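Visitor: Sequence:
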Amino acid sequence: MRFRLDIAYDGTDFSGWARQPGLRTVQGVLEDAIATVFGRRGDEPRLVVAGRTDAGVHATGQVAHVDLAERHIDVLTRQRRRGYPEQSAAEALARRVGGVLGRNSDVVVMAAGEAPSGFDARFSASWRRYEYRIADAATGRNPLERRTVAWHPGRLDVDAMDAAARSLVGLHDFGAYCKPREGATTIRTLQDFRWSRDAAGRVVAEVRADAFCHSMVRSLTGACVAVGEGALAAADLVRLRDAAERTSAFKVMPAHGLTLVQVGYPEDELLEARTLLTRAKRTLSSN
Numbered sequence: 014m015r016f017r018l019d020i021a022y023d024g025t026d027f028s029g030w031a032r033q034p035g036l037r038t039v040q041g042v043l044e045d046a047i048a049t050v051f052g053r054r055g056d057e058p059r060l061v062v063a064g065r066t067d068a069g070v071h072a073t074g075q076v077a078h079v080d081l082a083e084r085h086i087d088v089l090t091r092q093r094r095r096g097y098p099e100q101s102a103a104e105a106l107a108r109r110v111g112g113v114l115g116r117n118s119d120v121v122v123m124a125a126g127e128a129p130s131g132f133d134a135r136f137s138a139s140w141r142r143y144e145y146r147i148a149d150a151a152t153g154r155n156p157l158e159r160r161t162v163a164w165h166p167g168r169l170d171v172d173a174m175d176a177a178a179r180s181l182v183g184l185h186d187f188g189a190y191c192k193p194r195e196g197a198t199t200i201r202t203l204q205d206f207r208w209s210r211d212a213a214g215r216v217v218a219e220v221r222a223d224a225f226c227h228s229m230v231r232s233l234t235g236a237c238v239a240v241g242e243g244a245l246a247a248a249d250l251v252r253l254r255d256a257a258e259r260t261s262a263f264k265v266m267p268a269h270g271l272t273l274v275q276v277g278y279p280e281d282e283l284l285e286a287r288t289l290l291t292r293a294k295r296t297l298s299s300n
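Position in the sequence shown counted from 1, then plus 13, gives you my numbering.
Just so you know, these hints were derived from the structure itself, not from any lab.
Being a predicted model, the structure only gives us computed values, none of them experimental.
C-beta atoms are modelled at their ideal positions from N, C-alpha and C, and glycine is treated no differently.
Please note: incorrect hints may appear among the correct ones.
FRET-style restraints, in silico, Cβ to Cβ [what the hints assert, rightly or not]:
{"#": "1", "residue 1": "Gly35", "residue 2": "Pro156", "range": "29 to 35 Å"}
{"#": "2", "residue 1": "Val182", "residue 2": "Arg292", "range": "23 to 29 Å"}
{"#": "3", "residue 1": "Gly35", "residue 2": "Arg84", "range": "26 to 32 Å"}
{"#": "4", "residue 1": "Glu104", "residue 2": "Ala256", "range": "49 to 55 Å"}
{"#": "5", "residue 1": "Lys192", "residue 2": "Glu219", "range": "18 to 24 Å"}
{"#": "6", "residue 1": "Glu57", "residue 2": "Ala124", "range": "19 to 25 Å"}
{"#": "7", "residue 1": "Val61", "residue 2": "Val251", "range": "31 to 37 Å"}
{"#": "8", "residue 1": "Gly196", "residue 2": "Gly35", "range": "24 to 30 Å"}
{"#": "9", "residue 1": "Ala256", "residue 2": "Asp170", "range": "23 to 29 Å"}
{"#": "10", "residue 1": "Val61", "residue 2": "Pro34", "range": "15 to 21 Å"}
{"#": "11", "residue 1": "Asn155", "residue 2": "Gly115", "range": "25 to 31 Å"}
{"#": "12", "residue 1": "Pro166", "residue 2": "Met123", "range": "34 to 40 Å"}
{"#": "13", "residue 1": "Glu219", "residue 2": "Glu57", "range": "32 to 38 Å"}
Turn these sequences into a full structure, and let the hints guide you.
Guide: As structure tokens, then:
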């Protein structure tokens, strides 16, 4: 049986999502907690995630799935704590993993539920949405936000940044804004990209795409910051994008200002079709 998990975490003390030998990662911590729940008998379930966030990146809307065997379901439905109402296997999974992680954990399973037929946390996703937050000279620095908001010492021109961001939207090769990985394409559909100031005056980017390649969001935001401080023009960002080659014309923004806030999925009856489409190789002629 497949379950969907909705997850949030403070990425500060994690070396990213993906399990890595000798490093503390979100996947590693969660899978270790799940293994503890089921007694570490060598058949511990593994997580598949919607977006593999980098070291230091946060999430409030991460999604993963996990496949549980009959033995795992029996453990969840058989062992109920006294005083708790009867719970489904999914509810028991979220509660028991939370109990292993502890009340002060920097990763939380916010909800769990039985996944619909055809659901794949990674390949069924239609889009991922991130936010990047910056405090500039207009707002000043708040030490309570130092883990989640990046600092820029000058005042940023948000209108120029917003115009530059919108000019990049569409299906393109974003090789200029990605760290290349062997055998991986850098063609993506950037569905929405905009900048504004929130009620507290912080500069906030909203970035949505069908998927992101490595370092893409932090590179895009860094390029827009260069526009906001007058070092680049919006036309420069389009020119760099169309060249599709890694560039040093702007600085990649630090990880701690970035948060994965939402993953979007189609209606249940369209999940399998979306999975097949996502697995197909991307080209610039894709619809």
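Visitor: Against this structure, judge whether each hint is valid.
Guide: Going down the list of hints, with the structure as the test:
no. : hint                          : result
1   : Gly35 <-> Pro156: 29 to 35 Å  : 31 Å, holds
2   : Val182 <-> Arg292: 23 to 29 Å : 24 Å, holds
3   : Gly35 <-> Arg84: 26 to 32 Å   : 30 Å, holds
4   : Glu104 <-> Ala256: 49 to 55 Å : 51 Å, holds
5   : Lys192 <-> Glu219: 18 to 24 Å : 22 Å, holds
6   : Glu57 <-> Ala124: 19 to 25 Å  : 21 Å, holds
7   : Val61 <-> Val251: 31 to 37 Å  : 35 Å, holds
8   : Gly196 <-> Gly35: 24 to 30 Å  : 25 Å, holds
9   : Ala256 <-> Asp170: 23 to 29 Å : 24 Å, holds
10  : Val61 <-> Pro34: 15 to 21 Å   : 20 Å, holds
11  : Asn155 <-> Gly115: 25 to 31 Å : 28 Å, holds
12  : Pro166 <-> Met123: 34 to 40 Å : 35 Å, holds
13  : Glu219 <-> Glu57: 32 to 38 Å  : 37 Å, holds
Violation of the numbered hints given earlier is absent; every hint is satisfied by the structure.
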